[in-house]
Amino acid sequence: MSAQSQSLSPPAIALNRFGLGARPDDPLPASPQRWLIDQFARFETRPAGLASLDDAGRAVKQYREEQASRRMARQDGGTEGKVDLKAARKDFRQDVQALYRAGVQARADSALATEAPFVERMVYFWSNHFCVSVDNPRVTAFAGAFERDAIRPHVLGKFSDMALAAEQHPAMLIYLNQFQSIGPGSQAAARNPDRKRGLNENLAREIMELHTLGVRSGYTQADVTEFARALTGWTVDGLGGGRAGEGNPDHFTFRPAQHEPGPRTILGKRYAQDGEAQARAALMDFAHAPATATHIATKLARHFAGDEPPPALVARLAESFTSSKGDLPSVYRTLIASPEAWAATPTKFKTPWEWTISSLRGLGHRQVGDMQIAALQTQLGQRVWKPGSPAGWDDIAASWVGSDALLRRVEIAQRLAAPLGEGVDARVLAPRIMPASLSVATAEQIGRAESPVGAIALMLVSPDFLRR
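Residue numbers (our numbering): 1 to 468.
These are computed hints drawn from the structure, not numbers from a lab.
A couple of the hints might just be wrong.
Simulated crosslink set (DSSO-like; lysine-lysine; CA at most 30 Å straight-line) [what the hints assert, rightly or not]:
1) 386 with 86
2) 325 with 90
3) 325 with 158
4) 299 with 325
5) 299 with 386
6) 269 with 325
7) 269 with 158
8) 158 with 299
9) 86 with 299
10) 269 with 299
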């Protein structure tokens, strides 16, 4: 049976399309839809591994203090400060990479241990929607904390609350250079007329284009500029104008001196609020706009029902989003109840992260142990929290099916299978993790494998397992 004619059973769809992959010792859900909804009560917002991550703000603050100290030494005529500053940068980069690797390990451990795999999938969906990219050390330091503190607490809450938490998180403010944005008519600009820092529109544009309303939803460049002016003053405590040693870079803060004074008109509505409340009010309006409902519904439909989102499903999800005022569990229930998401033909090709997690779950792993997941994902072509653009990782199947990418998965599959030796029989395992969905062709290939290890590797790179 080819991948095109492969048929998925409802339990397989629940486990692999909605979830993160079946585990061999888990019972099949008798009622797949109820099994998914029941996970809302089992989701852990802060699993132990994520809760115990080291403090990124402390590392950033310490580095800033060292930078300031070295610069003072150089101003006093010493050469030692210059050498020490290079050493401090190297140490900081090493500390940041350690934070990053620990965050990725904790993320993977949560995925392997969770009893709420559907909700974990939604964490990844929203983390990619409100994405940051580890393009520089400071964003890298905060990436794990961003998903933990801005996404996970709101994945079963209101979209508007998640949006506010994401836009005010240090990772987002640094990634899109908002922490340096200064209103041209602000007190800070008047005090330092010769400084190059000025208005930065990155965050305003991405909020409107990617996070809420969506492209071609009717806003203009003038609206982006006005929203950017409203956002001035939104920054990171201890960065973006604060002195080294002051503030806590783990926290959002509002600096009135950097805010562009006066009312703003955005999408035809006048916002006369003072200070931080001005941009907040506009963001809340965007979060509840009909265009946002359609934008979010389209992305959800694409993720669960195929690269060409079914119009009826998009309309149904958008109506649920609007009528519930962005209550995400209500939207998820609508999705789960929709027949388009339960199409028996596989609709998506697993991304490297999805494939890695489903492979480890399928082989019975509950923890990653010594396996370096960050390095593994880089090798597979999807470095965690580095999508390369504010649009996030592509959610189109064709983006992940290239021959080079498949060869990488073959190599990793062999590495994952090797430690198991003859202790695991793929002929027994495959039907358990692809219930009532294992094709005849794949079963025959597994049965003809030259060794038990080879059979496991074949299973992990079979068309049946690569698609969801």
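Here is what the structure says about each hint:
1. The hinted pair formed by residue 386 and residue 86 meets the criterion: a straight-line CA distance of about 25 Å does not exceed 30 Å.
2. A threshold of 30 Å between alpha carbons decides the hint, and for residue 325 with residue 90 the separation of about 47 Å lies outside it, so the pair is violated.
3. Between residue 325 and residue 158 the CA atoms are separated by roughly 8 Å; this keeps the pair inside 30 Å, and the hint holds.
4. For the suggested pair residue 299 and residue 325, the alpha carbons sit about 18 Å apart, so the restraint of at most 30 Å is met.
5. The hinted pair formed by residue 299 and residue 386 meets the criterion: a straight-line CA distance of about 19 Å does not exceed 30 Å.
6. Among the hinted pairs, residue 269 with residue 325 is consistent with the structure: their alpha-carbon atoms are about 20 Å apart, no more than 30 Å.
7. A distance of roughly 23 Å separates the Cα atoms of residue 269 and residue 158; the hinted pair therefore holds under the 30 Å criterion.
8. Of the supplied pair hints, the one linking residue 158 and residue 299 holds, its CA atoms being roughly 17 Å apart against a limit of 30 Å.
9. Note on residue 86 and residue 299: the hinted pairing is violated, with a Cα-Cα distance of about 44 Å set against a maximum of 30 Å.
10. Of the pairs offered as hints, the one joining residue 269 and residue 299 holds, with about 27 Å between alpha carbons and a cut-off of 30 Å not exceeded.
In this structure, the hints that do not hold are numbers 2 and 9, in rising order.
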